Amino acid sequence: LAKTTQPISMDSYEGQEVNITCSHNNIATNDYITWYQQFPSQGPRFIIQGYKTKVTNEVASLFIPADRKSSTLSLPRVSLSDTAVYYCLETYGGSQGNLIFGKGTKLSVKP
Amino acid sequence: EPEVTQTPSHQVTQMGQEVILRCVPISNHLYFYWYRQILGQKVEFLVSFYNNEISEKSEIFDDQFSVERPDGSNFTLKIRSTKLEDSAMYFCASSEGQGGGTEAFFGQGTRLTVV
Chain A
1 LAKTTQPISM DSYEGQEVNI TCSHNNIATN DYITWYQQFP SQGPRFIIQG
51 YKTKVTNEVA SLFIPADRKS STLSLPRVSL SDTAVYYCLE TYGGSQGNLI
101 FGKGTKLSVK P
Chain B
1001 EPEVTQTPSH QVTQMGQEVI LRCVPISNHL YFYWYRQILG QKVEFLVSFY
1051 NNEISEKSEI FDDQFSVERP DGSNFTLKIR STKLEDSAMY FCASSEGQGG
1101 GTEAFFGQGT RLTVV
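Order-wise, the sequence lines are chains A and B. Position 22 of the first sequence, counted from 1, bears residue number 22 in the working numbering, the numbering being contiguous throughout. Position 111 of the second sequence, counted from 1, bears residue number 1111 in the working numbering, the numbering being contiguous throughout.
None of these hints come from the bench; they were simulated from the model. Hints are supplied without guarantee of correctness; some may be wrong.
To be verified - Stretch-level coverage of chain A by chain B, calculated; a stretch enters the list once three of its residues show a Cβ under 8 Å from a Cβ in chain B:
#1 9-21
#2 62-72
To be verified - List time: in silico BS3-like cross-link candidates among lysine-lysine, alpha-carbon distance up to 30 Å:
#3 B:K1042 with B:K1083
#4 A:K52 with B:K1042
#5 A:K103 with B:K1042
In this text the structure is predicted, and so the values were computed from the model without any measurement. Glycine included, every Cβ here is placed at the ideal spot set by N, Cα and C.
Start from the sequences and build out the full structure, keeping to the hints where you can.
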């Protein structure tokens, strides 16, 4: 069973910043938070991974507070092509071997 | 950019038939995986493979499933006697390692339809 909880769906408009929250109240000390993106009829694609505080790459930012019970994926200035399902996963030691996916958050970006 | 490739993109088979789904992982990767996604449902882990043997498998991966790395480049998933409920997208993935920060790369998937 997936150990994270996230909203089932979100709507946004082009150019807006989108923040998707994820709850992981019982996250283990060795677990990282990893986010994947999936477009329809395609395989999941890694977006970002973090353990604590803030991580930023060319695609997104990930904010993880000190208690690590939640995290927020931030997508700056979304476009229509960001419409996808976003998955938040706990990964042991950051490993991306046996990934346990939940239902994810379906983000719909409108013009 | 290197990618995981899967063939065929779509396969239709009759119930009870054997199917082989093929994958070419990224060349320097050492860990290989199969996942499946039934239409409208979540992505489910099937099996991981390292050093020519299964390292982990889920409850879904029963005796009708098998995996093989027949040569240095291909990684296959065989379903011996397909059932209607095997209809799904099957994704192959590979990673260079399994430690923190190593990324798993997924292929585009094979849509299996059992009729």
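Hint by hint, which ones does this structure get wrong, listed from lowest number up?
1, 2
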